[in-house]
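First to last, the sequence lines map onto chains A and B. Going by this note's numbering, 203 is the number at position 203 of the first sequence; the sequence numbering is gapless. Count along the second sequence from 1, then add 1000; that gives the number in this note's numbering.
Honestly, I wouldn't trust all of these hints.
To be verified - Cβ-Cβ distance ranges computed for the label pairs, FRET-style: (1) A/Asn342 to B/Val1124: 48 to 54 Å; (2) A/Gly329 to B/Asn1232: 20 to 26 Å; (3) A/Leu63 to B/Tyr1151: 42 to 48 Å; (4) B/Ile1221 to A/Phe351: 54 to 60 Å.
Hints listed in this document are in silico derivations from the structure and should not be mistaken for laboratory results. By construction, the Cβ of each residue, glycine as well, lies at the ideal position given by its N, Cα and C atoms.
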Amino acid sequence: MTQSVLQPVARRCRRLLVTAVVATLTTLVSGCDTPGQPSVLDPTGPAAAQIESLWWLMFWLGLGVFVLVFGLVLYASFRKRTGDPRSPASTPGKWLILFGGFALPIPILAIVVGYNLFVSEAATGPSFAANDAIPDAATSAEWTIDLIGHQFWWEVHYPNQEVVTANEIHIPVGEPVLFRLTSADVIHSFWVPQLHGKLDLIPGQTNRIWIEAEEAGIFRGICAEFCGTQHAMMHLLIIAQPADEFEEWVSEQQQPIAEINDPLLIQGQQVFMGSACVYCHTIQGMNEAAATDTIGPDLTHVASRLTLAAATVENNRGNLGGWILDPHGIKPGVLMPPTRLNSENFRALLFFLESLR
Amino acid sequence: MAASADRLAEIWTRPPGLVGWLSATNHKVVGVRFIVTSLGFFGLAGLLALLMRLQLALPGLHILSPEAYNQVFTMHGTTMMFLFAVPIMEGVGIYLVPLMIGSRDMAYPRLNSFGYWVYIIAGVTLYISLLLGVAPDAGWFNYVPLADRYYSPGINIDFYATLITFLEVAALVAAVELIVTVFKCRAPGMTLNRIPIFVWSQVVMAFMILFAMPLVMVSTIFLALDRTVDTNFYVSALDGNPVLWQHLFWAFGHPEVYIIFVPATGIVSMVVAAMSGRPNVGYIWLVLSLVAVGFLSFGLWVHHMFAVGLPLLGLNFFAAASALIAIPNGIQIFSWIATIWGSRPKLNTAFLWILAFFFVFIRGGITGIMVASVPFDWQVHDTYFVVAHFHDVLIGGAVFPLFAGIYYWFPKVTGRMLSERMGKWSFWLFIIGYHLTFFTMHFTGLFGMPRRIYTYLPYLGWNGLNLTSSIGSAVIAIALIIFLLNIITSARSGEVAGSDPWNANTLEWAVASPPPQYNFRAIPIVSSRDPLWTHPGFDPEDTTGSNRVIFLADDQQREQLGTTMLDAIPDSRIVLPQPSIWPLLLAISVSFIFIGVMFSVWTVPIGAVFVYIAVIGWTYPREQDWSREF
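Taking the hints into account, I'd like the entire structure generated from these sequences.
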């Protein structure tokens, strides 16, 4: 009876298995070089590269240990009988235990723990984490970035350059940048796999981490500590640029909003100032006083960004408009309320926002 | 003799009817209830896992809303840890420990039954919250500030804070019970160095529960106070510290995973010895390893917190300590290899699960060493790599041995063998499904996918891996359905097992299958670690003249033998209480307080009155208990 029940199941299982194996293989082959994939195994910064070397060391040692130990299990189970199992002479007994409990693991652990010490020092630099003992001089560098976590976006300050932005962080290629991390609400975690491991953003505590990119490029980071409803879509981009491009970007970002003459843009500005936008979003040179606290991202140069909604959708007119009218349609549970506007005002607002380059 | 036999059975039979059913205190009844209930919760948590895999099968799906997904993954983890893994290990212990040590029941049968009622009330209430759509939604680890009153104002987290506190009462009760039973109720001659390894593993587990559970109770009580009466233990803006929660939680949470794993290694030791027909090689090493794991597990918790920003030197101490745990585990694995060595064990389903345990647990141990190294953990912490790792050590390390144990002890509990044909089907399907689901997650994690996300963008190279995991989870579900069918059909019509189908070594195989209510008519005198191999054919029903048994007066009341702690020399006769409904009534009264306090603090004084009444009812002396002259 069981057989007749199980046979069609078996056939279906086989089909599913084939699908799954094919899917896995294609992913493993193609997944390794998916552009923009935040892969640990595709390091572009010195810290990530050090950690990758630790991974491969542990991988090969681990593979060796696995083959040896499981091989022994199989050998012990399938070798021919060594005589009466109750007689002590039929088993290697305590020698096997001394080997597996001490001789095998201790040297391997010594290597792994030793290399782990080396990498953890090398990957972090002097002013890592929330160490209060380090001198103030080491807690700030020319390129220092204050990163403040919010549900569900990233507030970015360049204190020495007086630049404020959000979700997209430009850094110069080949220069270590000091990130100081904290949170405005719950715990988040800053993680850009291609550049470094993760470090948490914790309210009431400032964590420090040095980030360096060896090549120009765009590197994705994803919040790595569960932070609520939209944790999944709390991404960020690190945009590493050659020094001249980067400095040009900085000087653009330092500018407040330009003077507006176009009547459509003036109308858009009035819509912005007259609706709820103004309470949460700052535009430098326009409404610093109105936005009481940092609730939403600074929009002074919003049009210069590649993405919207914490680096999860492309920054184009369709997405921008959709986001304003119905943010919950794109990211359910996000804190921004929907905005109701007539079509004329809506169009003017879009033009205005798109002018903020 | 016959009259006496009936009398003994009569004394140990519970009263009839529904009240009798609710009053049962026998360790075998309570043990089976724990096992069946926790398997039920395992099934529920498995369904939640299927929902998650459905939602993640393709990018951008809307099968679950983010709010629902967060409740589902929180309940999956909470159920697996608190409602499945720990209770089932305790349940197996409650059922088997008295049989293995030659005792008639546990030391405090009513407490046992109280623990069970607390457990099921807490578990069912948690699932009611899920049905109402207000289940906890901040993860089983429930980090503050996300879980505090500002960021989770709803009732969801109140369910977590009060029910976890409440549930641990059940765990603590079982722990006390197991410790006293093993130390005071062993058969004469079963000195400490003759206790079966499984019983040792239960003792170590019980001591770990005793020290770990109060930590989580403290942390959840602090949280409940923060949420209800505005204390600020965890509020950084008011000089509290959210990292305190993490320290308290993981100081419990790391021992917790060893609380699950240690008894599983006890099961492995028993099955390996029985299938090999050889006593465990390196008994002392095995016991010392269990104790060492128990101690070490309390010194590792910071490896869950490497990304919090603690000083690097401190982190590396915890990394080294975590690596140390490979030593006792290595000793255990090689002791089992030595036990199996050249004994040509039968490749039945129980032993296949043991082989699968080796395959998956060794791998999980190796990835465990990897994630214990600080910088590598910075990369893979809170990614699917960690999900793969801990499913390897929890499913591979604890659930596989549990399955082996179920195939091994099912005949003892029901008197019938499980079907080998269905067993092998479900085994192979499970192993294939398991690897499709979880082995792939190592790659998913290395390619950058964080945990606890309800969906993902389609262009990050994760689609195929996630689809594979989802298909694999369906295969696991099929395997588990076959397993369930196997249990149901075999319990009715499986091959009759007899008392000792495996020709095994420990005392539970001396009694009939299923065991009589009183377990042992005559209490054996134990003279070795493998009593049934030393004295084959020992029959505890045979009270006529063997010199290996001690008779208890069996015509008056429930009695068992008390023995000394180290050498198990008889020193007392323990009169056990009759079955009683009061443990259930006390459990209901206590639940009234714990559950009610979420809504009104007035339930505390009102509930206290109920508790007072229930305790009096519980302890009220009955004439029959004390009329006998000693």
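Hint-by-hint comparison with the structure:
{"no.": "1", "hint": "A/Asn342 to B/Val1124: 48 to 54 Å", "verdict": "holds (53 Å)"}
{"no.": "2", "hint": "A/Gly329 to B/Asn1232: 20 to 26 Å", "verdict": "violated (37 Å)"}
{"no.": "3", "hint": "A/Leu63 to B/Tyr1151: 42 to 48 Å", "verdict": "holds (43 Å)"}
{"no.": "4", "hint": "B/Ile1221 to A/Phe351: 54 to 60 Å", "verdict": "holds (56 Å)"}
Against the hints set out earlier in the document, a violation occurs for number 2 only.
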